[in-house]
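Engineer: Starting from the given sequences, assemble the full structure and let the hints guide the process.
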Amino acid sequence: MLEKLFKLKENGTNVKTEVAAGITTFMTMAYILAVNPNILSDAGMDSTAVLLATCIASFVGTLCMAFMANLPFALSAGMGLNAYMAYTVCGNLGYPWQVALLAVFIEGIIFIILSLTKVREAIFDAIPLSLKRAISVGIGLFIAFIGLQNAGLAVASSTLVKLTDFRENFHTAGICAILALVGLLIMSVLYIKKVRGSILLGIFGTWLLGILCEVTGIYVPDAEAGAFSLIPSFHMTDFSKLGETFGQCFNVDFDAVGVFNFIVVIFAFLFVDLFDTLGTLIGVSTKAGLLDKEGKLPSIRPALMADAVATTAGAVLGTSTTTTFVESSAGIAAGGKTGLTALTTGILFLLSMFLAPVFISIPAFATAPALILVGFLMFSTISEINTEEKNYTTAIPAYLCIIAMPMFYSISEGISIGVISYVLINLICGKRKEIKPLMYILAVLFVLKYIFL
Numbered sequence: 000m001l002e003k004l005f006k007l008k009e010n011g012t013n014v015k016t017e018v019a020a021g022i023t024t025f026m027t028m029a030y031i032l033a034v035n036p037n038i039l040s041d042a043g044m045d046s047t048a049v050l051l052a053t054c055i056a057s058f059v060g061t062l063c064m065a066f067m068a069n070l071p072f073a074l075s076a077g078m079g080l081n082a083y084m085a086y087t088v089c090g091n092l093g094y095p096w097q098v099a100l101l102a103v104f105i106e107g108i109i110f111i112i113l114s115l116t117k118v119r120e121a122i123f124d125a126i127p128l129s130l131k132r133a134i135s136v137g138i139g140l141f142i143a144f145i146g147l148q149n150a151g152l153a154v155a156s157s158t159l160v161k162l163t164d165f166r167e168n169f170h171t172a173g174i175c176a177i178l179a180l181v182g183l184l185i186m187s188v189l190y191i192k193k194v195r196g197s198i199l200l201g202i203f204g205t206w207l208l209g210i211l212c213e214v215t216g217i218y219v220p221d222a223e224a225g226a227f228s229l230i231p232s233f234h235m236t237d238f239s240k241l242g243e244t245f246g247q248c249f250n251v252d253f254d255a256v257g258v259f260n261f262i263v264v265i266f267a268f269l270f271v272d273l274f275d276t277l278g279t280l281i282g283v284s285t286k287a288g289l290l291d292k293e294g295k296l297p298s299i300r301p302a303l304m305a306d307a308v309a310t311t312a313g314a315v316l317g318t319s320t321t322t323t324f325v326e327s328s329a330g331i332a333a334g335g336k337t338g339l340t341a342l343t344t345g346i347l348f349l350l351s352m353f354l355a356p357v358f359i360s361i362p363a364f365a366t367a368p369a370l371i372l373v374g375f376l377m378f379s380t381i382s383e384i385n386t387e388e389k390n391y392t393t394a395i396p397a398y399l400c401i402i403a404m405p406m407f408y409s410i411s412e413g414i415s416i417g418v419i420s421y422v423l424i425n426l427i428c429g430k431r432k433e434i435k436p437l438m439y440i441l442a443v444l445f446v447l448k449y450i451f452l
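Quick note on numbering that gives the first Met the number 0: the sequence shown kicks off at 0 and runs consecutively.
Derived by calculation from the structure, the hints in this document are not laboratory data. Beta carbons: idealized from backbone N, C-alpha and C, even for Gly. Do not take every clue at face value.
Claimed, not checked - Derived lysine to aspartate or glutamate pairs resembling EDC-like cross-links, with alpha carbons at most 16 Å apart: (1) K295 with D124; (2) K193 with E213; (3) K295 with E120; (4) K292 with E383; (5) K430 with E388; (6) K240 with D45; (7) K292 with D124.
Claimed, not checked - Derived CB-CB ranges, DEER-like: (8) S379 with A121: 42 to 50 Å; (9) G93 with G11: 32 to 40 Å; (10) F227 with K192: 47 to 55 Å; (11) D221 with F259: 41 to 49 Å; (12) I217 with A121: 52 to 60 Å; (13) L4 with K192: 29 to 37 Å; (14) S187 with K161: 42 to 50 Å.
Structural biologist: Right, here's the structure in full:
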C-alpha cells in the first residue's frame, strides 16, 4: 500500500529510509514544541493550548503535504511569524491575540485562493534558476546560523555576534556548546562514512552524552540560567486546554480594531509567509533534486495548497502561521524523497501531544549540529552558480540574496533583495530580455513593502 501511495521504488527509496528521514526531520523541528508556546504565551495565550494547537496543525499540514504533493516536507508554526504575532501585533500594536489569529486565518484563505489560481505557482516559476540556487545556499547559511545560536556557540556581543566563552557558565551554557561541537564531529564522521540515519544517530548520541554529563555532575540544571534537566519526565498533557484557543479567531470585537490597521497586519503576515514559503520550497527542492531542467517543481501547486490549508487550520486551532520548515532538509539529507517522510513526521507531531514532556526534553545543543551539517549540504549548491564575469548580472544578485538571509535573519528579505537587485542590474545593463514580466511586478511589490510595511 505504501508503495502505491508514495511510489517508493520510482523515487529510489524504501520504507526504512523514509521513516528514518521522517524521524530525523521531526527531531530537528521538535524545538518548536517548546519555543512556540513560550513565544505566544507572551501574547496572553495559554502555553498548553498553544502546544496542542501546534501539534495538531503540524500534523494536518504535514499530512496534506504527504498525500497531496508526495513531498518530504514538514510544516509547523513558522519562526519569525510567531514572534511578529506576539511582539508586534499583540505587543507593540496592542491587539488581542484573537485578532492576530483572525488575520492569520484570512491570510490562509487568501493563500488557498491564490494557490487555486496559479498565482503562487507563477511566482515560483518566474524566479530565475540562478536565484533559486542562491536561495538554497542562503537558506543553508541561515539554518547553519540558527544551529550555531541554538548550540550556544554564537552569542550576542558589541560586534553583534561572537564565539561563546566556554569557560563562562561552564556547567550550563559552556558544556552545552562543547557537546554541540562533539555532536557535530560525530554526525559529520557518520555522514562521511555513509552510515544510514547518521543525522538521527548524531542527535540521539549528543543527547545521551548530555544526560551522562548531567548524571556525573558536569552539566548542572539551572532553571534561572535556562539550563533544564536533560532527563525526560513523564506526565500526561491537559487536553482540555485546547478549548481556550480553538475557534477563538472568530471571537473578535471589530469596534476595537481599526479596519486599515487590520488590513496592514493581514498583508504583513501574507507577504512574509508567501516568500518564506517559496524560499523554503525552492531551497529544499533544489537540494533534493526535485526541480526539473527549467527549475520548476512539478508538485508545486499541491505543496502550496498544503501550506495554505495548514495555515488556515492552525489559526482555527490557536497557533500562528503554519508553514513549510527549512529543517525538512535534514530529513532529505537523511535520504527522504517522498511523502512517507512527511507522513512519519506528521504522526510524530500528533503523538507528541501525549509525550510532549519527552520531546521537549530534547536539548537544542543536540539538534543544533544537524542544522549546521544540513546547512553545509545546502551550501554545496553554490558550485552550480556561474560567477564568471560574463554572468555578473545574475551572479551578483545571487550573492546579495545569499548573504542577506543569514545577515538579516530572514528568508524573505534575501529573496526580496535578490529580486530587486536582479531586475535593476539586468535592466541598467541592457539585458531586459533576461527579465520575466512577473519579476518586474515582484520587484515593485518588494519596494512597496519596504515603504509601507
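Engineer: Work down the list of hints and note, for each, if the structure agrees.
Structural biologist: Checked hints:
1. With a C-alpha separation of about 6 Å, the suggested pairing of K295 with D124 holds against the 16 Å cut-off.
2. As the CA atoms of K193 and E213 are separated by approximately 31 Å, the hinted pair breaks the 16 Å bound.
3. Restraint check for K295 and E120: the C-alpha separation of about 9 Å stays at or below 16 Å, so the hint holds.
4. A distance of roughly 13 Å separates the Cα atoms of K292 and E383; the hinted pair therefore holds under the 16 Å criterion.
5. Only pairs whose Cα atoms come within 16 Å are accepted, and K430 paired with E388 is accepted, the gap being roughly 15 Å.
6. For the suggested pair K240 and D45, the alpha carbons sit about 8 Å apart, so the restraint of at most 16 Å is met.
7. Of the pairs offered as hints, the one joining K292 and D124 holds, with about 12 Å between alpha carbons and a cut-off of 16 Å not exceeded.
8. About 29 Å separates the C-beta atoms of S379 and A121, a value inconsistent with the hinted range of 42 to 50 Å.
9. Separation of G93 from G11 is about 53 Å and departs from the stated range, judged on CB atoms against 32 to 40 Å.
10. For F227 paired with K192, a C-beta distance near 33 Å fails the hint of 47 to 55 Å.
11. Checking the proposed 41 to 49 Å range against D221 and F259 shows it holds: the Cβ atoms sit about 47 Å from each other.
12. The hint said 52 to 60 Å for the Cβ distance between I217 and A121, and at roughly 55 Å that hint holds.
13. Range check, L4 to K192: Cβ separation about 32 Å, and the 29 to 37 Å hint holds.
14. Separated by about 23 Å at the C-beta atoms, S187 and K161 break the suggested range of 42 to 50 Å.
In summary, the structure is inconsistent with hints 2, 8, 9, 10 and 14 from the numbered list given earlier, while agreeing with the others.
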